[in-house]
Structure formats: C-alpha cells, structure tokens
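**Student:** Residue numbers (the numbering used here), protein chains in the order written: chain A, 1 to 258; chain B, 1 to 270.
It is possible that some hints are incorrect.
Now the stretches of chain A that chain B is said to cover, found in silico as 3 or more residues with beta-carbon under 8 Å [as the list claims (entries may be wrong)]:
id, segment
1, 66-80
2, 93-102
Quick list of simulated restraints, FRET-style, between CB atoms [what the hints assert, rightly or not]:
id, chain 1, residue 1, chain 2, residue 2, range
3, A, 164, B, 11, 57 to 65 Å
4, A, 14, B, 102, 24 to 32 Å
5, B, 9, A, 164, 55 to 63 Å
6, A, 234, B, 9, 51 to 59 Å
Below, a list of computed lysine to aspartate or glutamate pairs in the DMTMM-like style, where the Cα atoms sit at most 20 Å apart [as the list claims (entries may be wrong)]:
id, chain 1, residue 1, chain 2, residue 2
7, B, 168, A, 24
8, B, 183, A, 127
9, B, 183, B, 258
These are computed hints drawn from the structure, not numbers from a lab. Keep in mind that this is a model prediction, so the values were computed, not measured. Glycine is no exception: its CB is placed at the ideal position from the N, C-alpha and C atoms.
This is what each chain is made of:
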Amino acid sequence: MRVRVDSVSKVYPAPAGGRLVALENVSLDVHDGEFVTILGPSGCGKSTLLQVVAGLEAPTRGRVTFEGAPLGAALTAVVFQEHALFPWRTVRDNVTFGLEVRGIPGAERLAVSRQLLALVGLEGFADRYPHHLSGGMRQRVAIARALAVEPALLLMDEPFSALDAQSRALMQLELLAIWERTRRSILYVTHQIQEAVLLGDRVVVMTRRPGRILAVRPVPLPRPRDERTMLDPAFVSLVDECWQLIKHDAREALSDAR
Amino acid sequence: MRDDAGQPIVYEGAPAPAERPAWLLGGAALVLVGLVWEAIARLGWVPALFLPAPTAILAEAGRMTRSGELWRHLGVSLGRVGLGFGLGAAVGTSLGLLLGSSRTLWAIGNPLIAATYPIPKIALLPLMILWLGIGEAPKVAMIALGVFFPVVINAYAGVRGTDPLMVKAAKSLGAVRWQVIVKVVLPSALPTILAGYRLGAGIALLLVVSAEMINATSGIGFLILHSGDLMLTGKLMVGLATLSLLGLASTWGLRTLEAWLAPWKEEERG
Numbered sequence: 001m002r003v004r005v006d007s008v009s010k011v012y013p014a015p016a017g018g019r020l021v022a023l024e025n026v027s028l029d030v031h032d033g034e035f036v037t038i039l040g041p042s043g044c045g046k047s048t049l050l051q052v053v054a055g056l057e058a059p060t061r062g063r064v065t066f067e068g069a070p071l072g073a074a075l076t077a078v079v080f081q082e083h084a085l086f087p088w089r090t091v092r093d094n095v096t097f098g099l100e101v102r103g104i105p106g107a108e109r110l111a112v113s114r115q116l117l118a119l120v121g122l123e124g125f126a127d128r129y130p131h132h133l134s135g136g137m138r139q140r141v142a143i144a145r146a147l148a149v150e151p152a153l154l155l156m157d158e159p160f161s162a163l164d165a166q167s168r169a170l171m172q173l174e175l176l177a178i179w180e181r182t183r184r185s186i187l188y189v190t191h192q193i194q195e196a197v198l199l200g201d202r203v204v205v206m207t208r209r210p211g212r213i214l215a216v217r218p219v220p221l222p223r224p225r226d227e228r229t230m231l232d233p234a235f236v237s238l239v240d241e242c243w244q245l246i247k248h249d250a251r252e253a254l255s256d257a258r
Numbered sequence: 001m002r003d004d005a006g007q008p009i010v011y012e013g014a015p016a017p018a019e020r021p022a023w024l025l026g027g028a029a030l031v032l033v034g035l036v037w038e039a040i041a042r043l044g045w046v047p048a049l050f051l052p053a054p055t056a057i058l059a060e061a062g063r064m065t066r067s068g069e070l071w072r073h074l075g076v077s078l079g080r081v082g083l084g085f086g087l088g089a090a091v092g093t094s095l096g097l098l099l100g101s102s103r104t105l106w107a108i109g110n111p112l113i114a115a116t117y118p119i120p121k122i123a124l125l126p127l128m129i130l131w132l133g134i135g136e137a138p139k140v141a142m143i144a145l146g147v148f149f150p151v152v153i154n155a156y157a158g159v160r161g162t163d164p165l166m167v168k169a170a171k172s173l174g175a176v177r178w179q180v181i182v183k184v185v186l187p188s189a190l191p192t193i194l195a196g197y198r199l200g201a202g203i204a205l206l207l208v209v210s211a212e213m214i215n216a217t218s219g220i221g222f223l224i225l226h227s228g229d230l231m232l233t234g235k236l237m238v239g240l241a242t243l244s245l246l247g248l249a250s251t252w253g254l255r256t257l258e259a260w261l262a263p264w265k266e267e268e269r270g
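Let the sequences and hints guide you as you build the complete structure.
**Tutor:** Now the structure itself:
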C-alpha cells in the first residue's frame with residue numbers, strides 16, 4: 001500500500017476578494033508502514049494537507065491516490081488536536097463509532113474495543129465519559145477510535161499540542177510504542193521540531209504562504225526509539241537543521257498581525 | 001511613603017472558616033418566615049381574611065383534597081398544560097431541527113418567527129377563541145404557541161451549535177449524512193433542546209393560569225380568581241401553593257429527564 005499526494009494545491013477565496021494559497025504544488029509519498037511527519041510553522045497549510053488526504057476537503061488542483069489499498073477497508077482516520085471525542089458517548093462507544101456506522105455487529109465491536117483500550121492502556125475506563133478523563137487519556141481514546149477502523153493511513157493533526165509539556169512527552173513515547181506494535185502508516189502534522197524528528201522516519205518541512213514543501217529529511221535514528229533517542233548527536237543535529245530551515249518562517253508567523 | 005518601612009509584612013495562617021451548607025440557611029429562612037407569619041395571624045395583627053395562618057391554609061388544603069375539589073381543578077389544568085405543551089414541543093422541536101439543518105428554510109422561517117415571537121401569547125386568546133370557539137381548544141392552542149417559540153428557537157440553536165470538529169471526526173470515521181445527523185447533531189443539540197423545554201414549561205404554567213382566569217369554569221387559575229371574588233382567602237392561598245409546587249415539580253422533572261438523557265452534561269449542571 002502506498003499513498004501518493006500528487007501536485008496538490010488548495011486555494012481559498014480571501015475576504016478582501018483576493019486568494020489565499022494554503023497549499024501550492026505539494027507532492028509526497030507515504031510508503032507502507034512508514035511514519036512521516038510534516039513540520040511547519042503555524043499557518044503553513046499542514047492541517048489543510050491532512051484534511052485533503054483525509055477526504056474532508058477537496059484539493060483545488062492535483063490528486064491523492066491510495067495504491068493497493070485493501071478493498072472495503074477505511075483509507076484514513078484522523079486524530080484531531082483536541083476535544084474531538086463525542087462527549088455523549090462513553091469511551092467504549094467512542095472507540096467503536098467507526099465500526100458502528102459501518103454496521104459491524106455489537107459483539108465484534110466489543111471485542112475490538114477491548115483489544116484497543118488494552119493497547120492504549122485504558123482497560124478500566126470503557127464506561128467513563130470523556131469529561132472524566134485527562135487530556136492525555138482523551139487523546140489515547142482518540143487514537144484507539146481511529147485505529148478501530150483499521151485505516152490504511154492514520155492521520156494525526158497535532159494530536160498532543162493541547163497537552164502540557166510532560167503529558168506531551170509521555171504521549172509521544174506512548175505513540176512510538178503503539179506504532180512499534182501496529183506498524184501502521186502514519187502521516188503526522190506538528191509544529192514541534194523535536195516531536196517531528198523523534199517520531200518520524202522522514203520529516204517533511206513546509207513553508208508558509210504559500211504552503212510548499214521546503215525540504216524532506218530522512219531521520220537516521222535507530223528504532224525502537226525512546227527518551228534516550230533525544231540525547232543522540234544525530235537527533236540534536238537534525239533538530240538544529242530543521243530549526244534553521246523554518247526559523248525565518250516562524251519569525252514571520254510570530255509577527256503576523258491577525 | 002509608608003512610615004512603617006523596615007517592618008516585615010506577615011500573612012498569618014488562619015483556619016479556614018467553617019462553611020454552612022446553603023440548604024441549611026435557606027431552610028432556616030423558610031421556617032423563620034413561616035413562624036413569623038403564623039405569629040402575625042395568631043395574634044390577630046392582620047385579619048384572617050387578608051392573611052390566613054399557614055396552619056389554617058394547610059387545614060384548608062386537607063379539606064379540599066378530601067372533598068376532591070383540589071384534584072378536580074389540578075386535573076383540568078394539568079390536562080390543558082399537558083396537551084398544549086406536548087403539541088408545542090413536538091412541532092417546535094421538529095421545525096427547529098429542520099430550520100437548523102437548512103439555510104434556505106431558516107432564511108424563510110426566521111422573519112416569520114421574529115415577527116410573531118414578541119407578541120405576549122396571552123394576547124392571542126381572543127383570536128384563538130374567535131377561531132376555535134370557547135372551550136378547551138383555544139386554551140390548548142395558546143399554550144402550544146407559548147411553548148412552541150422557546151422550543152423552536154432552542155432546537156435551531158442546538159443544531160447550529162454543533163461543533164464542526166465533531167462532524168469532521170464522524171465523517172472521517174466513515175459516517176454518512178444521516179448518521180452524522182442522528183449520531184452527532186441530535187445528541188449534541190439535545191441539552192439545548194431540553195433547556196427549551198424547561199423555558200416552555202414555565203410559560204405553559206403562566207399561560208394556563210391566565211387563560212383560566214379569563215375564560216374558564218375550572219382549573220387552578222379559575223380556583224384562585226373565584227376564591228378571591230368570594231373572599232375565600234384560604235382556598236386562594238391553596239391555589240397559589242399548588243402553583244408553586246407545580247412549578248418546582250416541572251423543573252425537577254425536566255432536570256431529571258435531562259440527567260437521564262444527557263448524562264455527559266452532569267459537570268455543567270454541577
């Protein structure tokens with residue numbers, strides 16, 4: 001299975017009659033079992049790219065192709081930034097939502113939810129509602145919910161950016177462990193350089209206005225990775241290289257009058 | 001400049017003041033008012049014609065319950081409220097959901113609602129009587145109209161207030177249009193719709209009493225007006241107490257319904 005993003009552009013009409021080029025001519029492949037991170041400053045269109053790949057937004061030009069995707073299965077599932085769990089559903093019913101809308105019978109749904117809640121370490125919380133959970137636990141549920149439909153490509157849109165720094169660090173390690181166990185293809189959007197380098201097999205660096213791919217860097221760090229990976233000189237130098245690449249755009253984003 | 005410069009500033013530890021539960025204070029106030037009232041009546045400072053003692057009102061309530069008088073009036077009023085509320089809530093909810101899911105329908109319906117909403121619904125009674133004759137129909141219709149407005153507006157607001165992120169999440173997980181409506185928009189709008197019912201219930205009570213005072217031979221509103229005319233202050237007071245209990249009961253009932261239908265909102269209810 002391979003996902004090809006081919007010359008995708010996305011243009012929005014701007015309020016003053018102009019045009020906002022969110023994505024310009026973005027091409028990108030995600031291979032089977034690959035973890036690709038997209039790194040860029042805020043406003044670089046990386047979330048837009050994710051929504052286009054998810055089929056939630058149509059590209060203005062270009063196309064997204066899923067080659068050799070298994071028939072009938074889900075192509076993608078998205079883990080959003082925060083608060084995207086259904087508050088009126090228990091943890092279990094959140095996890096099985098995607099199976100429910102596909103008409104999968106209850107017994108099977110129950111089995112899947114058990115297995116996935118065990119995977120994300122939330123066995124005892126199946127009957128709780130999201131508001132009972134901490135931010136980190138909620139994002140674990142969101143991950144389990146997305147994995148339940150067995151997507152060919154898992155899309156993650158800054159899933160840990162709303163968490164406090166320590167929870168975020170723990171969730172990154174947790175995600176690495178989940179990925180080791182499932183080896184699912186992941187496209188992961190973030191503005192955090194350390195996160196992009198720690199998680200990804202490849203880091204795709206984007207510029208802002210228009211959103212374009214500036215550079216693609218393979219991450220030469222061995223797996224499985226953990227917190228000691230961040231002490232590796234190769235990690236430090238790649239983080240620095242990425243920072244040099246996006247520094248200018250990040251400054252610009254900072255001084256942007258909203 | 002402070003003249004005590006050089007003095008250390010000290011915040012001393014102090015035990016947290018003991019907190020009295022709110023219900024205790026409220027209950028005490030209620031009992032106190034009752035006792036003062038009873039004393040005023042017993043001492044004859046105010047004639048019983050104007051202010052019967054609480055115990056006398058209780059005794060009157062006992063008599064009216066045993067004779068069935070209170071039940072008859074209560075039954076009639078509840079019937080009118082039930083029918084009017086059911087009708088207004090059903091039509092209001094369906095129409096609100098429709099208006100919320102279509103911009104075109106909202107563009108058509110909004111000016112109509114905005115133009116008719118400000119009319120105090122009791123003012124419609126003469127028109128209703130003209131259209132529907134005297135009897136139960138005009139009262140029920142007026143209550144239904146009174147309930148309709150808050151319900152339709154809340155149902156609309158509930159649908160429009162659905163978080164677009166929820167809709168995206170559902171779509172990304174494979175939900176099709178009707179599934180998004182049934183599994184996302186409806187549950188998300190439910191608490192707002194129920195809040196509309198609570199508003200509607202209050203209005204229904206107000207309207208049934210008003211209608212019964214204008215044009216009726218039974219019901220709590222009639223009981224109050226009629227007792228006043230005959231200077232049967234005890235009966236009048238029993239009628240007022242019944243309305244108070246009715247209001248409390250409807251609020252409590254709808255809150256219980258909400259807790260059962262929307263358990264995820266418990267945090268916000270506190």
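**Student:** For each hint, tell me whether it holds in the structure or not.
**Tutor:** Going down the list of hints, with the structure as the test:
1. Residue count for the segment 66-80 of chain A with a Cβ under 8 Å from a Cβ of chain B: 5. That meets the three needed, and the coverage hint holds.
2. Residue count for the segment 93-102 of chain A with a Cβ under 8 Å from a Cβ of chain B: 5. That meets the three needed, and the coverage hint holds.
3. The given range of 57 to 65 Å is broken by residue 164 of chain A and residue 11 of chain B, whose C-beta atoms sit roughly 29 Å from each other.
4. Residue 14 of chain A and residue 102 of chain B have their C-beta atoms about 28 Å apart, which keeps the hinted 24 to 32 Å range intact.
5. Remark: the range hint 55 to 63 Å for residue 9 of chain B to residue 164 of chain A is contradicted by a beta-carbon distance near 33 Å.
6. Take residue 234 of chain A and residue 9 of chain B: their Cβ atoms lie about 54 Å apart, and the range 51 to 59 Å holds.
7. A threshold of 20 Å between alpha carbons decides the hint, and for residue 168 of chain B with residue 24 of chain A the separation of about 24 Å lies outside it, so the pair is violated.
8. Proposed proximity of residue 183 of chain B and residue 127 of chain A is supported: the alpha carbons are some 18 Å apart, at most 20 Å.
9. Straight-line distance between C-alpha atoms of residue 183 of chain B and residue 258 of chain B comes to about 18 Å, which keeps the hinted pair within the 20 Å bound.
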